[in-house]
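Here's the letter readout for the chains.
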Amino acid sequence: MSAPAAVTLLTLLLPLGPTATAAPAAAAPPDYQIEAVRFRFTRFDQAGLGYQSAAGPSGAAGSQQLTVEEPQVEIIARAGDRLTERIWLPVDVVTAASPDHSRYGKPYDAPLDAVTQASRVNTAGSFDSLSTYRWNRVTDVSFHVAFHIEEPLQSWAMGIGWRRSFAEENTALALSLNQVLDWFDRFDLDGNRHGRAARSTSNLNLALSQVLSPTTIADLSYGGTWQTGTLGNTWSSVLLSDGTRGDERLPRQRLRHALAVRVAQWLPWEGALKLRYRAYVDGWGIRAHTGEADLVQRLFGIVQLRASYRRHTQTQARFFTISADPTGTELRTADSDLGAFVAQTVGGAVSIDLARGGAGAKAVFWRDLHVDIGYERYFRSDHLTIDVTTWGLGFRF
Amino acid sequence: MTPRPARGRLRLAVAALALAAAASSLGAGCAVVPQNRRKRLADPMMQLETDALDAYRRQKLYSTREGAAGGDGAPAGGGCGCQ
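If you read the sequences in order, they're chains V and X. Read in order, the letters of the first sequence are residues 1 to 397 in this note's numbering. Read in order, the letters of the second sequence are residues 1 to 83 in this note's numbering.
Note that these hints are calculated values from the structure, not bench results. All C-beta atoms in this analysis are idealised placements derived from N, C-alpha and C, irrespective of residue type, glycine included. One or more hints might be untrue.
[Stated by the list, open to error] Derived Cβ-Cβ restraints for the label pairs, each shown as a range:
(1) X:Q47 / V:I373: 18 to 28 Å
(2) V:Q344 / X:R37: 16 to 26 Å
(3) V:N192 / X:Q47: 45 to 55 Å
(4) V:G80 / X:Q47: 51 to 61 Å
(5) X:R37 / V:L175: 21 to 31 Å
[Unchecked claim] Derived list of chain X stretches under chain V, where covered just means 3 residues or more per stretch with a C-beta under 8 Å from a C-beta of chain V:
(6) 31–40
(7) 59–68
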């Protein structure tokens with residue numbers, strides 16, 4: 001979906017707002033009310049080289065150049081006083097998603113070939129629905145379903161969640177379980193199709209949040225994920241010691257653990273500082289540490305400036321190689337995302353929030369308007385870079 | 001980069017200790033702050049979860065480019081980020 005098309009979709013959705021606000025003022029909540037509509041458009045521009053890509057000179061890393069344009073729309077509605085429904089439609093338009101092995105050995109500036117049609121432009125879309133039911137004053141339960149489709153892949157997801165607050169809502173405990181099934185085409189390195197492959201992802205999350213003071217809040221979370229099946233995309237290649245390329249071979253199972261702590265501290269000059277640390281370990285031998293900091297400053301009551309920094313370090317998978325044995329049968333990958341690297345992200349954003357909900361407000365159908373624009377640069381020690389530009393627009397009714 | 005298991009274990013131990021300390025802090029912070037003193041915490045700037053669409057585009061970047069992303073929050077898998 002192009003940006004103008006997405007804006008058109010948003011324009012079509014906006015008339016829902018007056019219907020919602022036209023409900024008579026009564027003690028009982030309306031049967032159905034659109035509470036918010038949000039739109040976001042993001043563009044990712046990636047450049048760099050990776051050993052899993054054959055789009056380059058013989059015996060060397062190939063290009064990972066691609067762009068992604070990503071419009072998203074979110075609608076939040078309330079049904080009665082207990083049920084909240086969130087409908088979310090993200091779309092990704094990706095170029096050069098799968099550079100072809102048959103490009104290997106060709107002139108570096110030869111036209112891009114393709115394992116699948118997805119290599120030129122691949123459009124991926126999802127439908128995601130989250131229903132949250134307020135069971136009682138302190139307990140919420142939620143149900144989540146999603147469907148994702150793109151040229152070589154379909155994916156189904158569902159999940160359940162539970163959240164309970166304690167101690168006058170100073171403490172909250174949350175638990176969620178998710179299950180994802182992916183079903184996709186299996187290709188060899190020359191672009192030949194060999195039936196279908198599948199993988200399963202099961203995920204458990206536990207989170208505890210705690211108010212520490214009138215200006216400080218923190219949370220601690222654990223996520224465990226178990227994956228089984230075909231865990232690669234089937235067309236990534238591995239550089240062999242004789243200068244040719246072979247197929248990637250990954251384990252069929254992977255157990256992953258992540259533990260994170262976050263703290264938000266109010267700053268007396270109308271600002272906030274948010275810190276996050278995450279530790280990660282998995283069964284493939286990857287260990288990672290990630291630290292993030294966000295500094296937010298409010299100006300003139302309606303403008304917010306945000307500066308952010310993130311640093312991520314990870315070790316490589318135990319079977320990562322850039323020179324595999326041509327006769328070997330062992331596990332192997334040259335995917336730079338499974339290698340050892342240090343990644344940093346530096347960015348900033350400006351946002352404006354306008355409130356129109358006062359008693360003397362004119363007949364404006366929206367109560368709050370949010371606009372933001374931001375930029376981030378992601379850069380890694382293996383020279384991969386991604387420039388991210390994003391803007392968002394949101395209405396609350 | 002050559003893996004350094006011993007140093008990796010040390011860093012993980014330090015991380016575990018830091019998280020344990022954080023957990024202790026959470027536990028020690030159980031003195032109840034009444035609702036009428038939580039005005040600052042209710043400010044949108046203080047939300048630990050940013051707006052969902054912004055969170056998704058961040059997650060998209062990291063889950064498709066880092067083998068150590070995923071495993072928490074949203075399940076990994078699906079899309080073009082096949083790890």
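Hints, one by one, checked against the model:
1. X:Q47 / V:I373: 18 to 28 Å: holds (19 Å)
2. V:Q344 / X:R37: 16 to 26 Å: Violated, at about 38 Å.
3. V:N192 / X:Q47: 45 to 55 Å: Roughly 49 Å apart at Cβ, these two residues keep to the hinted range, so it holds.
4. V:G80 / X:Q47: 51 to 61 Å: violated (25 Å)
5. X:R37 / V:L175: 21 to 31 Å: The hint (21 to 31 Å, Cβ to Cβ) holds, given that R37 (chain X) and L175 (chain V) are roughly 28 Å apart.
6. 31–40: Contact hint for the segment 31–40 of chain X vs chain V: holds, 8 residues under 8 Å.
7. 59–68: It holds, with 8 qualifying residues against the three required.
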